[in-house]
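Number of protein chains: 2
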Amino acid sequence: MTKVRTGEGPAERPKAAVMEDVAELAGVSAMTVSRVLNAPEKVRPETRARVLAAVRELDYRPNSAARVLVTGRSGVLGVVCFDTTLYGPASTLYGIEQAARDSDYLVSIASLPALNRSWITRGIDRLRSQSVDGVIIVAPHESAAEGLRNLPAGLPVVDVGGGADLPVPVAAVDQYAGAVRATRHLLSLGHGTVWHVSGPPNWIDASGRVAGWRSVLEAEGREVPEPLVGDWTAHSGYEIGKRLAREPDVTAVFVANDHMAMGVLRALREAGRRVPEDVSVVGFDDVPEAAYFWPPLTTVRQNFGEVGRQAFQLLLDRIAGVDGEARRMVEPELVVRESTGVRA
Amino acid sequence: MTKVRTGEGPAERPKAAVMEDVAELAGVSAMTVSRVLNAPEKVRPETRARVLAAVRELDYRPNSAARVLVTGRSGVLGVVCFDTTLYGPASTLYGIEQAARDSDYLVSIASLPALNRSWITRGIDRLRSQSVDGVIIVAPHESAAEGLRNLPAGLPVVDVGGGADLPVPVAAVDQYAGAVRATRHLLSLGHGTVWHVSGPPNWIDASGRVAGWRSVLEAEGREVPEPLVGDWTAHSGYEIGKRLAREPDVTAVFVANDHMAMGVLRALREAGRRVPEDVSVVGFDDVPEAAYFWPPLTTVRQNFGEVGRQAFQLLLDRIAGVDGEARRMVEPELVVRESTGVRA
DNA sequence: CTCGTCCATGGTATCGGTAACAGATCCCAG
DNA sequence: CTGGGATCTGTTACCGATACCATGGACGAG
Chain Z
82 MTKVRTGEGP
92 AERPKAAVME
102 DVAELAGVSA
112 MTVSRVLNAP
122 EKVRPETRAR
132 VLAAVRELDY
142 RPNSAARVLV
152 TGRSGVLGVV
162 CFDTTLYGPA
172 STLYGIEQAA
182 RDSDYLVSIA
192 SLPALNRSWI
202 TRGIDRLRSQ
212 SVDGVIIVAP
222 HESAAEGLRN
232 LPAGLPVVDV
242 GGGADLPVPV
252 AAVDQYAGAV
262 RATRHLLSLG
272 HGTVWHVSGP
282 PNWIDASGRV
292 AGWRSVLEAE
302 GREVPEPLVG
312 DWTAHSGYEI
322 GKRLAREPDV
332 TAVFVANDHM
342 AMGVLRALRE
352 AGRRVPEDVS
362 VVGFDDVPEA
372 AYFWPPLTTV
382 RQNFGEVGRQ
392 AFQLLLDRIA
402 GVDGEARRMV
412 EPELVVREST
422 GVRA
Chain X
82 MTKVRTGEGP
92 AERPKAAVME
102 DVAELAGVSA
112 MTVSRVLNAP
122 EKVRPETRAR
132 VLAAVRELDY
142 RPNSAARVLV
152 TGRSGVLGVV
162 CFDTTLYGPA
172 STLYGIEQAA
182 RDSDYLVSIA
192 SLPALNRSWI
202 TRGIDRLRSQ
212 SVDGVIIVAP
222 HESAAEGLRN
232 LPAGLPVVDV
242 GGGADLPVPV
252 AAVDQYAGAV
262 RATRHLLSLG
272 HGTVWHVSGP
282 PNWIDASGRV
292 AGWRSVLEAE
302 GREVPEPLVG
312 DWTAHSGYEI
322 GKRLAREPDV
332 TAVFVANDHM
342 AMGVLRALRE
352 AGRRVPEDVS
362 VVGFDDVPEA
372 AYFWPPLTTV
382 RQNFGEVGRQ
392 AFQLLLDRIA
402 GVDGEARRMV
412 EPELVVREST
422 GVRA
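Those protein sequences? They're chains Z and X, same order as listed.
Under the working numbering, think of the first position of the first sequence as 82, with each following residue one higher.
Under the working numbering, think of the first position of the second sequence as 82, with each following residue one higher.
One or more hints might be untrue.
Pairs involving identical chains hold if they fit within one copy or between any two copies, as the list cannot separate such chains.
20 Å max Cα-Cα, derived SDA-like pairs, lysine to any residue [to be verified]:
1) K123 x R382
2) K96 x A401
3) K96 x A111
4) K323 x N144
These are computed hints drawn from the structure, not numbers from a lab.
Produce the complete structure using the sequences and hints provided.
Here it is in structure tokens:
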């Protein structure tokens, strides 16, 4: 009954209780303890009570490694992601984590030093070696598609952000629809056409937004200016904004994210072009600060948390062996503030 | 040699290779395979080569659950954190993750729905049940201290952000020093005193910044205005900014983070008070966009990535049993831009 | 030529749980 | 009073790796 300590070793810890200890204290077999923990209704209430009392007394906690070894399930899901300091990925990750917590899953993350096929594969491998039950990829880049070509058989995988023809289920915000709304909004204000500051090439969200923007202009028979390519940062938005400010016929700009939009706003202002009187600007994301930009930014809100939850749900289905719908699109929402106005 | 498949079960997967399979293919015992993987120098080169060939051929990967069960080490570290969409925590997490990757550690995260003692304890428990080798707490809140009072013995824990008298090693940015620099900078520009927009009560960073700011004012014999308490959001900064704008004697404001500073800037501008001509504003964090605020924000840069790396290093030491230095302070840096100027 | 030593490898027990089956117990009908 | 099922609990055999000790062969010394 009393704890036996080995007289040696620097870390003189009382070894943690195991199932056998609980069984002994409760006067039952280890199997019964296991049942109490996993299928309580199969154990007589009074026995159960004794076992639970012993569990509390010894502060027993099951060893997950042993459980994983025999059941094959870990209760851990993996997330492969690129830069989690970016607002979108961070929020998505947060959504996943919350959903996971509610379902008693734990989340392991494998972040990538670069976005390409080989790193993505390595990230998945790293997680797989920890016996995760499934993996969510948050890497909205074309290279993700390649990385997903030959997945280890039997590992449930879900992708966030999408791309064409992925061999796995996808949860994503409908970038195309968001860009359509932003562009239509600007046209409806009387602008002849809409310039576009895009995200970096090969990013799925970036190309989705370009496609939506272009399709509206083409459908309306408007001139389609060449998109100006940024890298998501305010700095790149600023540099591009300086160029835009020099073009007097630019009156409406759709910027592929809020941070770049911030840079554009500053460049326009410095060049003496008023927003929205001279130029209207629409962003994308609706970061929490967007309402406090100068002027408050009209933008397209993405519900990243919801995307994360949907991705988790898809993964859960997949783990359960359900081959349900393979695509969950979350609708973005245009939030009109003060950076857009009718054409002067 | 050929794989035997059970004729049933919906998931008809060829069961993954185990160490015994590799051993058989290589014509050695499982023990030798284990040695090749863990202590290659103890195996004759030619045998080693045969084993490695078999490993590749079968795409063998060790089962970590089995390894954990016998070694007691998982190669996983846990991070307990609150809101990972905030810039600071997200960046810290990212720093931890990168450092962990370089050392072949995996990171599991347990995010908390609320910051208090009980949730922190639960977060640690959740991670512990997955046999993490150690835990890093990223919850710069006073409740963390309580949550750390009675830790499970033998679990290495490191705290990020600090607080007084924690029973565990701490890695943090020196908030006090940062606030001192910001305040001195404002005084050096000729301002009579400095107002302060603080973070929410009970947040460690918030109180550290208040203390640094107050100490400078007191040391210089300046009036110490009552701090105005925000909640880190641009919105709260805006509301507080409106109040500040009504006070004509407010000429210098030290705001406890950049997002609130953004709200303050907007409120001042709307009230017709020019920055920096009428009022100087200093932020804290140096988010990547700070240089594109209007005007570009003078702020205190925190190297969150470095904090994350230091925390990981401390944890690694702790796991190795080294009881080295228990505090790693990262120096913040004042970045002067255009939101501060000499008093008119 | 024999013995001791070292090196490479193998055998076996073990980590802490759970699946599958077996056995004990209880209750009630006949 | 006994048989038959239903319900509860125990026994045993693993899951896949590593620790520890044992063993066989090569080799140098005496």
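For the identical chains here, do K96 and A401 meet the 20 Å Cα criterion within one copy, between copies, both, or neither?
between (36 Å within a copy, 18 Å between copies)
Within a copy, between copies, both or neither: where do K96 and A111 come within 20 Å Cα-Cα?
Only inside one copy: K96 and A111 sit 18 Å apart there, 29 Å across copies, limit 20 Å.
How would you classify K323 and N144 at a CA-CA limit of 20 Å: within, between, both, or neither?
neither (60 Å within a copy, 55 Å between copies)
With identical chains treated as interchangeable, where does the CA-CA distance between K123 and R382 reach 20 Å or less: within a copy, between copies, both, or neither?
Classified as neither; 49 Å inside a copy, 59 Å across copies.
The structure does not agree with the numbered hints 1, 4 stated previously, though it agrees with the rest.
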